[in-house]
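Fit chain S to the supplied structure of chain E, relying on the hints for placement.
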Amino acid sequence: MGWAIALHGGAGDIPVTMPPERRQPREAALRHCLDIGVDALKSQKHALDVVELVVRELENNPNFNAGKGSVLTNAGTVEMEACIMDGNTKRCGAVSGLTTVINPISLSRLVMEKTPHIYLAFDGAEAFAREQGVETINSSHFITPENIERLKQAKEAKRVQIDYSQPIQKDVEKELPAASGGSQLGTVGCVAVDNQGNLAAATSTGGLVNKMVGRIGDTPIIGSGTYANNLCAVSATGKGEAIIRHTVARDVAAVMEFKGLSLKEASAYVVEECVPRGNVGLIAVSASGEVTMPFNTTGMFRACATEDGYSQIGIWTSVE
Amino acid sequence: MGKWAIAVHGGAGVDPNLPVQRQEAAKQLLTRCLNLGISALRSNCPAIDVVELVVRELETDPLFNSGRGSALTENGTVEMEASIMDGPKRRCGAVSGLTTVKNPISLARLVMEKSPHSYLAFSGAEEFARQQGVELVDNEYFITEENVGMLKLAKEANSILFDYRIPNGGFETCSAGAAATDSPLQMNGLPISLYAPETVGCVVVDQEGRCAAATSTGGLMNKRTGRIGDSPLIGAGTYASNLCGVSCTGEGEAIIRATLARDVAAVMEYKGLCLQEAVDFVIKERLDEGQAGLIAVSKNGEVACGFNANGMFRGCATEDGFMEVGIWP
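From first to last, the protein sequence lines are chains E and S. Numbering-wise, numbering that gives the first Met the number 0 puts 40 at position 41 of the first sequence, and it's gapless, one number per residue. Numbering-wise, numbering that gives the first Met the number 0 puts 168 at position 169 of the second sequence, and it's gapless, one number per residue.
Next comes chain E alone, as it looks inside the complex (with noise of 0.2 Å):
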């Protein structure tokens, strides 16, 4: 037994060729979310806790999809969805369409707390975000001129390639332009595991650039996006669509529990075995303190800890 934590920001198609200037800063963030988890574990800081505080420091930071930085809807607008879960109680609350709020993660929290509900969205979730009196501002304080730029280079490919009278393109994603490097399919996520064996999982996003206003992902959905229980805590990243339909972190559970393998055989299967290539991320820990960070996809911004002194932080497949 030991604490362990990892946190991602997000998986996709993130070019290798990706420019120093845009790299460090991640790399710095990824760094910086980590510290401050460790630091928490240390002073015996409860695992719920920790994810949140872990995910409210990459929402704050404009280079991650979620919160600040978060990826605009087809009107240019922000709607940003999180979801928290914690492993032992299997406690959970989740948020979706919120535009106001600048830690969707806390409210995410809130609302497994405060309310007898999972799941609040829209207007619902910005009134109640009103009434607990958390921290909300202006809307354009999560737009950034990068995202701006995004959102016109999606809709300008998106003319071409996306026809809804059209057969279905479920990965539009794939073919938005990759140049502007790095964070399209960015989602932030922490999971941890305390001295004490508590588990929890949190997720946060800005969903897809250029998504329909509307648009609910797999980050909210407990059991795609996130989820923990007394065996692990898992949150997800990268196609929301493909992993709804493998529902990929309950089956990251789920193998564990009923077919008996290990926390990184139970997130290998998922990752190489269910999902499509190109799709997802995942980032989890055990109860007894393992972690582990697959991907099928070009990248995953990640990082991770353990108590016995391990530490590893990435983006593509080679371990820097």
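Read the hints as simulated data drawn from the structure, not as lab findings. Check before you lean on any hint, since a few could be wrong.
Claimed, not checked - Just the calculated beta-carbon pair ranges, DEER-fashion:
(1) G132/S x S139/E: 27 to 37 Å
(2) S261/E x N241/S: 20 to 30 Å
(3) Y140/S x G75/E: 27 to 37 Å
(4) D287/S x S261/E: 22 to 32 Å
(5) M322/S x V133/E: 30 to 40 Å
(6) P275/E x K151/S: 43 to 53 Å
(7) G132/S x P275/E: 28 to 38 Å
Unchecked claim - Chain S stretches covered by chain E per the calculated footprint, using a threshold of three residues with CB under 8 Å from any CB of chain E:
(8) 113-120
(9) 247-256
C-beta: ideal position from N, C-alpha, C; glycine also.
Okay, now just chain S, sitting in the frame of chain E:
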């Protein structure tokens, strides 16, 4: 050629004092829906078409809590949600927060087939409905006199006893009408003053062995605007794979935590249980304090249902000529 099977439900958790005429009306509706599905299966309709057809019928009839007859939000409005899943490729579509779409299940199917996404909600979903030209009606259409009365009872109970920030206390002394029974229903360990389950769903396996599932609901009576339950969540209220199709109903929050529909399929897939064993396992082992029920079919043409609530409106039929409609255990 495999054997077809079908099951329908109109919700788990039944008022023990439900008048006999209403019980009969519910059974008649379930029978009518089963027969509709059976005819479609005999005409070789694919499972995905059959579940949509049957749930449309359930939505259109005001008896259960979906489409017309949906439970009301705290504002007295209707906010409906639904999801559908096609087993063979695990394609799925879901909608939440609909206020004018006559048949939410059909919009869920359009999300699956005509959008790049799996799930659309609130104004974006309504906008998509208009783009797709589905039938729209005024929100008033969905609101029944009976539900207006139920909301009033719920609000009266709330005004005294129900504050979601304060744990349960003294609820037992309340007699807020038919639906507030002797044992107060709770959710997330907190009291729910008036609970209107009666979500509807249908699962089908066709002769080709294709499974599909569909679920539709108005949600909870007196729910907050913006509350999303289990029905639209793939893996929670609805799930289908190449092995089985599952639709759940009951206390949404317990179903979500349990990823109930996916877990039926997961224990079949990863533990090798048969359909009935899988259903019994999840009902017994997966639901914490929550009350819920589910219907399921397997690719082999088996059908099963299970619930830990006091009753569930349900019906099922198989190609062998088995047919059953029931409410109580």
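Hints, verified against the model:
At roughly 35 Å, the beta carbons of G132/S and S139/E sit within the given window of 27 to 37 Å. S261/E and N241/S have their C-beta atoms about 26 Å apart, which keeps the hinted 20 to 30 Å range intact. As the Cβ distance of Y140/S to G75/E is approximately 33 Å, the hint placing it in 27 to 37 Å holds. As the Cβ distance of D287/S to S261/E is approximately 26 Å, the hint placing it in 22 to 32 Å holds.
About 53 Å separates the C-beta atoms of M322/S and V133/E, a value inconsistent with the hinted range of 30 to 40 Å. Judged by the Cβ atoms, the range 43 to 53 Å given for P275/E and K151/S holds: they are separated by roughly 51 Å. For the hinted restraint 28 to 38 Å between G132/S and P275/E, the CB-CB distance of approximately 32 Å keeps it satisfied. For the stretch 113-120 of chain S, the assignment as covered by chain E holds, since 8 residues bring a beta-carbon within under 8 Å of that chain's beta-carbons and 3 suffice.
As drawn, the stretch 247-256 of chain S meets chain E at 4 residues by the rule of a beta-carbon pair under 8 Å; at three or more, the given contact holds.
Consistency with the previously given hints fails for number 5 only.
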